[in-house]
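Asks: Here are the chains, one letter per residue:
Number of protein chains: 2
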Amino acid sequence: MTEHVEGKLLIIGGAEDKKNECKILKRFVQESGGRESRITVLTAATEYPLQVGTEYHSLFLELGAQEVQVLDVLDRTQANRQGIERELEKSTGVFFTGGDQLRITGLLGGTLLGRMLEQLYEQGVIIAGTSAGASVMSDTMIVGGEAGTAKKDTLTMAPGLGLLRSVVIDQHFAQRGRIGRLLSAISQNPYVLGVGIDEDTAILVQSDARFSVVGTNTVTVVDASSSTTTNVSETTPGQALVLSPILMHVLSDGYGFDLKRRVSLL
Amino acid sequence: MTEHVEGKLLIIGGAEDKKNECKILKRFVQESGGRESRITVLTAATEYPLQVGTEYHSLFLELGAQEVQVLDVLDRTQANRQGIERELEKSTGVFFTGGDQLRITGLLGGTLLGRMLEQLYEQGVIIAGTSAGASVMSDTMIVGGEAGTAKKDTLTMAPGLGLLRSVVIDQHFAQRGRIGRLLSAISQNPYVLGVGIDEDTAILVQSDARFSVVGTNTVTVVDASSSTTTNVSETTPGQALVLSPILMHVLSDGYGFDLKRRVSLL
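Sequence lines, in order, name chains A and B. Just so you know, we're using my numbering here: the first sequence kicks off at 1 and counts up by one. Just so you know, we're using my numbering here: the second sequence kicks off at 1 and counts up by one.
Quick caveat, the hints were computed from the structure, so don't treat them as lab data. Hints are not guaranteed to be accurate.
If chains are identical, the list can't say which one is meant, so a pair holds when it fits in one copy or spans any two.
Stated by the list, open to error - Derived SDA-like pairs: lysine to any residue, alpha-carbon spacing no greater than 25 Å straight-line:
#, residue 1, residue 2
1, K90, E122
2, K23, T154
3, K260, T230
4, K260, S233
5, K23, T235
6, K8, E87
7, K260, L247
Only chain A is shown next, with the shape it has when bound in the complex (with noise of 0.2 Å):
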């Protein structure tokens, strides 16, 4: 088990600015081509995909892209429709909006749709995601779990994409007090990395395993693997936490992490 990473991934902790420098989006259109960029935006995890959808089709055009198509999948039947691969395969950026991380991988899990988005990524094609749309981006996702104190047992995680391996993200990250829920996610197993997200703020991945910060506020991480004490295996579900040490990294824009060596970069 190793932080494994293909290609590019823009993972967005939600709320990010659609009205002003609307800095990470426009970050998204320049890694996906600038002006020859071909834009997917999938809108599965959103429950208003054609609000959104539309919302996100005038932002990119005005941001400079190329082309930008929406694609709704209401169902798995359409997410494995024939001729899906050849919506897609032209595309140089898609982009996940946010919503619930669990329409995403249901509806996409294991569909032809979902193997295209792999073959993409493993072509360099970067991948984008807000909110539901960054939790999605890891192995295993936090899909549910309450802020304030860490708790044991307390937070509920399914399968993601996993298209970033070994790390948790979570989203809204201070702006909803998450930093408990993150813990006890990395808890269950401290070799995972936890990356929590704030609003109107990214990491960029490259596939060297290290991704810069842009955006207004800030990503925290959160490494457990070198905890000696824990009170994990003991306590009954429902339980303060006990983790220590834990080593932070508070980050913000312009600043660098590296996933394999898991250290700050300069």
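Given chain A's structure and the hints, the job is docking chain B onto it.
Replies: Positioned in the frame of chain A, the structure of chain B alone reads:
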């Protein structure tokens, strides 16, 4: 500058249980001498001294204290009144209620009452405080600052009572999402240890500078003393923070920490 502890402190993150097991308040009565205890409740922090004072008065008697007095000071003249030392000198435990931490230091700092408290503390009398009464324990205290993302210079600090040196306390910690502001505080001087105490949770600090956790939630210690990467001296106020690496320890009931060696204890 070293973690300086003279006597015994019970520092409570606010909202301690007053209806059921009353684990923390019971522990305070025990540490004050149990059936032989003479407890003084200081209501300086609150704007409702009668109500709050009466509540703790009844509670400590119910929990087995021998004697409980409530001491309210409305202004510095009262905190300097002749004979106030005698009202306090037989106390075996002192308890600061919640409210506004600046009321405590503003009313008591440099007065006869303030000096008497220090004396009691040096004699080994336990000094307890909840919420605002917890924040005042350290030499520099947090008096304000928003929840959410760790940002530079967006919190306000003031000199505390100085019973615990080189530490900054924050209370209602996980419940109010305060990790960001605690990190902002320690980024200003990474030598200072940050201790975030959740509601219905306390640390019992002994004169050897070790503490143990009492209560239902967690205590989070953040130690940035070995951080190598930060933007504190570069960024403009309000900008998102960079601080890496930080050592973090999440502890719950029965676990402990050595403030001098900065390691958790089983």
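Asks: Looking back at the numbered hints, which does the structure fail to meet, lowest number first?
Replies: Those not satisfied come down to hint 4.
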